[in-house]
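6 protein chains.
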Amino acid sequence: MSDETSFLTPEVTSMPRFSGIRTFMRLPYEPEVQERDFVVLGAPFDTSASYRAGTRFGPEGIRRISSLLRPANVFHKIKPSEFLNGVDGGDIMVIPGNTEASHRNITAHVKAWAEKGAVPIVLGGDHSITLPELRALSSVHGPLSLLHFDAHGDTWDDYWGEKYTHGTPFRRAVEEGLIDPYRSVQIGMRGTVYHPNDLDEARKLGFLVITADEMREIGLQETMRRALERIGESKVFLTFDIDFLDPAFAPGTGTPEIAGFTSAEAQGMLRQLTDIHLVGCDLVEVLPALDSAEITTLTGATLVFEFLSLLAVHKQRTTSSSFSHSK
Amino acid sequence: MSDETSFLTPEVTSMPRFSGIRTFMRLPYEPEVQERDFVVLGAPFDTSASYRAGTRFGPEGIRRISSLLRPANVFHKIKPSEFLNGVDGGDIMVIPGNTEASHRNITAHVKAWAEKGAVPIVLGGDHSITLPELRALSSVHGPLSLLHFDAHGDTWDDYWGEKYTHGTPFRRAVEEGLIDPYRSVQIGMRGTVYHPNDLDEARKLGFLVITADEMREIGLQETMRRALERIGESKVFLTFDIDFLDPAFAPGTGTPEIAGFTSAEAQGMLRQLTDIHLVGCDLVEVLPALDSAEITTLTGATLVFEFLSLLAVHKQRTTSSSFSHSK
Amino acid sequence: MSDETSFLTPEVTSMPRFSGIRTFMRLPYEPEVQERDFVVLGAPFDTSASYRAGTRFGPEGIRRISSLLRPANVFHKIKPSEFLNGVDGGDIMVIPGNTEASHRNITAHVKAWAEKGAVPIVLGGDHSITLPELRALSSVHGPLSLLHFDAHGDTWDDYWGEKYTHGTPFRRAVEEGLIDPYRSVQIGMRGTVYHPNDLDEARKLGFLVITADEMREIGLQETMRRALERIGESKVFLTFDIDFLDPAFAPGTGTPEIAGFTSAEAQGMLRQLTDIHLVGCDLVEVLPALDSAEITTLTGATLVFEFLSLLAVHKQRTTSSSFSHSK
Amino acid sequence: MSDETSFLTPEVTSMPRFSGIRTFMRLPYEPEVQERDFVVLGAPFDTSASYRAGTRFGPEGIRRISSLLRPANVFHKIKPSEFLNGVDGGDIMVIPGNTEASHRNITAHVKAWAEKGAVPIVLGGDHSITLPELRALSSVHGPLSLLHFDAHGDTWDDYWGEKYTHGTPFRRAVEEGLIDPYRSVQIGMRGTVYHPNDLDEARKLGFLVITADEMREIGLQETMRRALERIGESKVFLTFDIDFLDPAFAPGTGTPEIAGFTSAEAQGMLRQLTDIHLVGCDLVEVLPALDSAEITTLTGATLVFEFLSLLAVHKQRTTSSSFSHSK
Amino acid sequence: MSDETSFLTPEVTSMPRFSGIRTFMRLPYEPEVQERDFVVLGAPFDTSASYRAGTRFGPEGIRRISSLLRPANVFHKIKPSEFLNGVDGGDIMVIPGNTEASHRNITAHVKAWAEKGAVPIVLGGDHSITLPELRALSSVHGPLSLLHFDAHGDTWDDYWGEKYTHGTPFRRAVEEGLIDPYRSVQIGMRGTVYHPNDLDEARKLGFLVITADEMREIGLQETMRRALERIGESKVFLTFDIDFLDPAFAPGTGTPEIAGFTSAEAQGMLRQLTDIHLVGCDLVEVLPALDSAEITTLTGATLVFEFLSLLAVHKQRTTSSSFSHSK
Amino acid sequence: MSDETSFLTPEVTSMPRFSGIRTFMRLPYEPEVQERDFVVLGAPFDTSASYRAGTRFGPEGIRRISSLLRPANVFHKIKPSEFLNGVDGGDIMVIPGNTEASHRNITAHVKAWAEKGAVPIVLGGDHSITLPELRALSSVHGPLSLLHFDAHGDTWDDYWGEKYTHGTPFRRAVEEGLIDPYRSVQIGMRGTVYHPNDLDEARKLGFLVITADEMREIGLQETMRRALERIGESKVFLTFDIDFLDPAFAPGTGTPEIAGFTSAEAQGMLRQLTDIHLVGCDLVEVLPALDSAEITTLTGATLVFEFLSLLAVHKQRTTSSSFSHSK
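Protein chains in written order, with our numbering: chain A, -13 to 313; chain B, -13 to 313; chain C, -13 to 313; chain D, -13 to 313; chain E, -13 to 313; chain F, -13 to 313.
The set of hints was computed from the structure by calculation and includes no laboratory data.
Keep in mind the model is a prediction, meaning the values are calculated, not measured.
Don't take every hint at face value.
No distinction is drawn between identical chains; accordingly, a pair holds when it is met within one copy or between any pair of copies.
[Unchecked claim] 20 Å max Cα-Cα, derived SDA-like pairs, lysine to any residue:
{"no.": "1", "residue 1": "K221", "residue 2": "V195"}
{"no.": "2", "residue 1": "K149", "residue 2": "N84"}
{"no.": "3", "residue 1": "K63", "residue 2": "Y180"}
{"no.": "4", "residue 1": "K221", "residue 2": "R303"}
{"no.": "5", "residue 1": "K97", "residue 2": "Q258"}
{"no.": "6", "residue 1": "K149", "residue 2": "A87"}
{"no.": "7", "residue 1": "K190", "residue 2": "T260"}
{"no.": "8", "residue 1": "K63", "residue 2": "G254"}
{"no.": "9", "residue 1": "K149", "residue 2": "E86"}
{"no.": "10", "residue 1": "K221", "residue 2": "E161"}
{"no.": "11", "residue 1": "K63", "residue 2": "E203"}
{"no.": "12", "residue 1": "K149", "residue 2": "R121"}
{"no.": "13", "residue 1": "K63", "residue 2": "H181"}
{"no.": "14", "residue 1": "K102", "residue 2": "H263"}
{"no.": "15", "residue 1": "K63", "residue 2": "L297"}
{"no.": "16", "residue 1": "K63", "residue 2": "T197"}
{"no.": "17", "residue 1": "K63", "residue 2": "V195"}
{"no.": "18", "residue 1": "K190", "residue 2": "R90"}
{"no.": "19", "residue 1": "K149", "residue 2": "S0"}
{"no.": "20", "residue 1": "K149", "residue 2": "V265"}
{"no.": "21", "residue 1": "K63", "residue 2": "L185"}
The whole structure should be built from the sequences, with the hints applied where relevant.
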């Protein structure tokens, strides 16, 4: 099972990291759906953004700087490629301006990979893409727990009368029964809102909402304890909006909010998720045209590597009784 | 009629140009439709872009740097505010992702102003906005001549199956009878294409197409002579895509093509249009997030000022028998 | 009193935030002095900067990104427009190089609004502008308490022999009797200085000075407790220099100092000021040309919104006995 | 022979150009040497730069923006993929600081492809990479004609005592007998030099040198006539240093010189080369970190597409007796 | 006389150009006034700018990139250091906001060097600095001819009531008798103006004004012929405002105007000035904060090198009867 | 001993900080080796970088922004120039691509200054330069303690087979006996690695390694306590890689790692080092081309000023018995 070369080809291992075709971490590019432990997919759809556009270049930007990453995680003491067999599946076909067709493609594509057993890791694109991902994964796994890091709850009912935008996916997901809000958590909400009680709307839908202000009060450890308690043993979809981070750490995004979190805080929270059962995840709202020295895309890429590490740790644990590896 | 203060308020004339609220050239902001000689409107719609998005900030960017412009045109020896009474009408409501509703709003808004006698000068946004403008103006004026400066003909039939994108407006305009292609000209086409004969498609539709290569062969004087001959006495809509210019002169745009024209060449061509009967115009595809030192928005703003100057020269000539001014 | 439309016009509420003329938060533009609860004014004066120039574009930059802000504050659970009636008064006429005339204009303009009962919220410009603001407001309200967030005390006696620069306003303000230093606080001082005892100078003038080093020792809660104790019941002018923040959070400024504060820390401190009697405030030293992805201007705009929220909370409390609103 | 799908896969043709893994023009990625008409290779080596470093990201930058290019050339009325079967071969392994090993790898890699009949199109990297390319191709084809567009002759003997830098490759190439200077041309030299007679050195080596000043005197048509006369029927290596262009058109490079050429001029000159027998080419010195809105990389990518078009025209002509195609 | 080491120290000649302390072309730094053929001085004064500020960093920016320049001029076939003995005199003390004191210092400093026989080459700063330079040099040499390259005539009477700004120096210079307008030329005027006849004002003062439009009509050769005829044998001050260039070539400036000249055109015009008697020159309005990849500062530095080359050619000619050199 | 003018010349003290030739803090430039308390040297060598190149402009960038620094340290209540006599020695001659010669020059140059009693403060350049510095200083002082702040341990054995790169200096330093690893500390390691146990390698060599994760667990106070305990009374070389900081605080570097430290944390740690015996230090890996608003170079310059302050405090203490000063 440990096929190191599936992750980084021999050629690539010895080449300087600044060279080579930019797949995610220079994984093999495999556009054909196949049996794998995970697949990285791009969903360059940004039609639904309410302020700045341009996250369509998010997948490209994250892949580009992902070449800087080395293959092992020193915190988890693991090299994911020893436990996971994955590929970069390229980008899903989307059509600017045609939300319905784009979402349909995303659902179909993600579902096809999930049916082969692969955990899809999707690079956005704006946050509207999570809805079709959830349609795909809930059709395979049933209603999911949502673990949601973001500055915004994205549970508004509509934007300018539009029901499917980057500000509405999670209300839709509850309405469509794709997620179980009572086993779901939203973490990090902050910033100006439309009405003083905007965040209560998400709570009425059933979500556990832990705002940035609350997080600073109870601490990040306690935040994650509550989140994990909420999630329990259920199958989890992890969605990470890069604007969870402060604009100093992630300037390249469409609707930044000041007073956010550091990359160390974000990474630290993700690292506590070794016990969850992850069936899919995405990282969205990276907008390279406004980035500075690639710090936003680097953060995105590194957090995706943390997702991969979680999958590897999970795989290591679940296979350790019957399996031992040498390295 | 000559109301200098309508153009730049007294307060504004004496204030440093770096100060003040950014309407176009600090014109009065008048969102209500009213009788004026011209109105500047923003149409911040960029859903239809085929490569980079972000021209939704075009109107804001052009207005911002327009504060640098002084009120008189030394070439035409005219101060437009002495002959024209105009306002900045603000932005037209558009909805990202909803091309139909956005286009409907643009048509309604432009038509309302045109019915009051104002020449609309629209700041894009992507090139798809010209179609609803033409719908508005042809409903008021009948089928129009199109005078089109651009690197691309934008007469493709569809993009990814979509009929209404920034690559298709002029085929639609012909199909809908909004323009008379046989009195219309497309100038400046260049760059890579989908099929070797792509430009012949526009010619089949009836357009006179003068490519960048042809322009360099026959010269810019002859180019404009042919264009003016083609247009004749008809009512003209002038549409200017900023990518007519070389990316060195206009880096802030969505689908740049190298080997384009300089700002001096563009300005020089526009200045030969004093005899045309202009009923509307737009300047599109300015994408500020990719601009450098505001050179693209400055070019856009200055060319819009050339549009205004053409209107003023025309007004001066048509009113000179019954009117003389001192200044 | 609650006139929601005074804050964001109906048109604007339903329009995408990326559109529209850029007044502060798209408030109505009212250059004529009139009775209002508050007025936002720009003072684009940067002659007095000791290192980088360019804060003359600060008001424009802050207004531009303020379009991203939504109208409600989730921390204070308040929508300021329900309690406050305010406008954007545009920019005050300043003259580069002529400090005296510019300061005179600022004083006259701010005073005129203050006399109508409006709390002026001024966008700089360099920090020299606070002196003429204090002249205006102390003439209306008597000597004020100064609540000053900054990396620098700005109490030097002169710069290159010049008495009125962005490094000297608060010494002048004490000398002129505009503020009562014994009821005033300076918070956040750090960075290299001219003499090891530079900060003692401000203390000798009577100020309570809490340096960044001291803040890190006693904590931000205690810092604010001491500040509030110092201020007591007096009328307060709040001045916020954006370089209080670390350059990572606010790169667009003229004399940055490393080891500063985060936007979360700044916001958190401001939010504790609900009990002060604010008669004026400003936010200065934003230099957009050096900004990155508008993070500095966004921080500036959001902090100004926090100022507005403080005013609203204060208004809500002081009117609650005789007034109840439904929402 | 005409295998359209070899150039742009079906999937890719219908997908928006902003999506997909960035190989050059989204050609198939084939790291294994094989029989093809051409191969695009990256040589991300920048150790030898004398001023700014960073061209190691040139291949990545050119590939990235090449996604904007459409498949047909309207000037030559040709779609290269109908005549040529090519791939992106990825990057050649180079080692920063180890010129010898890097050059050896470049030679080996280029030679392997050339022996399979592929015309190598190499993306630099600094100009030192042309030497190992010439070693490879002259070993296959014998001494070559050099057609060299550049601001600098790169025929210095050494830099700081180093013999193999980006300022010396063509002196070395003559010394090693890789090129025949008497059938070679250097075009575009300008800028400050070390000694007033620096350019005479290249002439003494045998090169025809046409400086920028001379080009402006005799015209670009005559320049190319002289170049083609010089080259005659010989096998040609075409090397294009992006600093041939003016920094306004190509800011992203290491040793820019003002008073250069426009992209229209460069493209126009290349288009006159339909009769030369091209056995290899490269485009070097693109430095993305200093680019503005990708205009340098776009220029680089478009010029490489012109190289491809030349190969296609040549193929079309040489095969037209025995072959006719419909499209 | 030919002291090569005075220009570039031996150490510096052999060091990579990216290293070393940034004086202009790494000339020796000599703050003390002394006998030299020329001195490079910075005048980082930008108080008088009417739009963007920041040219105070112009001297620093030009010096920085001047390290890229090599010591010989291939057009004039001359290495200035063989004929000229010069230094970098550092910056003149200026005081932001205090135009009078700053101008007084500039006059004193420039005069002191001129009295020692040095031709001062001053790096701006905004264009107001030319007035105190002219005061200095006319006090030494008598009234001068002005050779002025610029987009703006800078002969307005005042700006916001201020008499000494970057828009007024040449009216003041005529009034003060520092220059003889009838032996002076202004070249390159373009852009929007305050009144249609603005440029006639300069003509009324006596200047020969050749606008950009006229230059394009008569050609650059004829332009320079007329300029040289006008100047005749008189002593000349050459002032070059970087906004003579198009913003594509010089984005880093304060009041850019589109439709300007290329760097090749500017360089070509300067190269025809070998016969003028130059007693001083400056290059102004470079604003590094808005530059792109240092193309503006590089242009500025290269044009200053052309100034130096003119001085060297002149020296070579005037000393050739009694002196011959070998190299 | 206290020679204030040796630090900032009188001229410079009174001049605006934005003016003057950019030596470090405008120290006198003295390329000749001489007796001084300290010397600032640039080592613009970046051949050995494994990802981005360009730190060759690090010394220039740090010097440039160092003009913003004022001469006194308010934390230590000291003005270093009162206790230290130092100069800027300019840049050491390096040769791109020739690691051996460059390192040899660095060793010779640093040794020469050290033998004169100067503490060398070297500005990188990439981290490979520390090895030749250690060779120089250990030859003068014997094996040293290393105090190493960095995101990476830089103790890999080789990179692509190369032994002398920016990832290998400290393994080489141990092998060559230049440092005593058992009295050395590495602080701040984080980021992805090649093998899960990469950091154990450094521990096997003898280093005390305190990773970023450990630092967050034990606190920064305890971190420094352990470091100081380790170092004891030995002679220390302090090396600071700017990527110790988070990319939000220091974007301009070659191999950034997210989840790093703030500038306040870095500064705070350095300030606890008043008791160490510092014989040399460097600050490396600053890459200005990727900086944002000079925040990275400003951080670098300020930390170097903290180094200087440590030297001054040490000097003050060691000389206080026989010396008292007033100021």
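Hints versus structure:
In this assembly of identical chains, K221 and V195 lie within 20 Å of each other by CA distance solely inside one copy; the values are 19 Å within and 38 Å between copies. Taking identical chains as interchangeable, the C-alpha atoms of K149 and N84 lie at most 20 Å apart whether they share a chain (13 Å) or sit on different chains (11 Å). For the identical chains of this complex, K63 and Y180 are inter-copy neighbours only, at 11 Å across copies versus 44 Å inside a copy, given an alpha-carbon limit of 20 Å. Proximity of K221 and R303 under a CA criterion of 20 Å is satisfied intra-copy only: 17 Å inside one chain copy versus 47 Å between copies.
In the homo-oligomer, the alpha carbons of K97 and Q258 never lie at most 20 Å apart, since the shortest distance is 28 Å inside one protomer and 49 Å across protomers. Taking CA atoms no more than 20 Å apart as the test, K149 paired with A87 passes in both settings, with 15 Å inside one copy and 14 Å between copies. In the homo-oligomer, the alpha carbons of K190 and T260 never lie at most 20 Å apart, since the shortest distance is 29 Å inside one protomer and 29 Å across protomers. In this assembly of identical chains, the alpha carbons of K63 and G254 lie at most 20 Å apart only when taken from the same copy (15 Å versus 30 Å across copies).
Taking the closest pair of Cα atoms, K149 and E86 come within 20 Å of each other both inside a single copy (11 Å) and across two copies (15 Å). Proximity of K221 to E161 under the C-alpha cut-off of 20 Å is restricted to the intra-copy arrangement: shortest distance 19 Å within a copy versus 51 Å between copies. In this homomeric assembly, K63 and E203 come within 20 Å of each other (Cα to Cα) only across copies, at 17 Å, whereas the closest approach inside a single copy is 31 Å. Taking CA atoms no more than 20 Å apart as the test, K149 paired with R121 passes inside one copy only; the shortest distance there is 16 Å, against 28 Å between copies.
In this homomeric assembly, K63 and H181 come within 20 Å of each other (Cα to Cα) only across copies, at 8 Å, whereas the closest approach inside a single copy is 46 Å. Taking the shortest alpha-carbon separations for K102 and H263, only the intra-copy value of 17 Å comes in at or below 20 Å, while the best inter-copy value is 50 Å. In this assembly of identical chains, K63 and L297 lie within 20 Å of each other by CA distance solely inside one copy; the values are 13 Å within and 40 Å between copies. In this assembly of identical chains, the alpha carbons of K63 and T197 lie at most 20 Å apart only when taken from different copies (13 Å versus 31 Å within one copy).
For the homomeric pair K63 and V195, the shortest alpha-carbon distance between copies (16 Å) is at most 20 Å, but the shortest distance inside one copy (32 Å) is not. Taking the shortest Cα distances, K190 and R90 never come within 20 Å of each other, neither inside one copy (29 Å) nor across copies (36 Å). For the identical chains of this complex, K149 and S0 are inter-copy neighbours only, at 15 Å across copies versus 49 Å inside a copy, given an alpha-carbon limit of 20 Å. Taking CA atoms no more than 20 Å apart as the test, K149 paired with V265 passes in neither setting, with 26 Å inside one copy and 37 Å between copies.
Taking CA atoms no more than 20 Å apart as the test, K63 paired with L185 passes between copies only; the shortest distance there is 11 Å, against 38 Å inside one copy.
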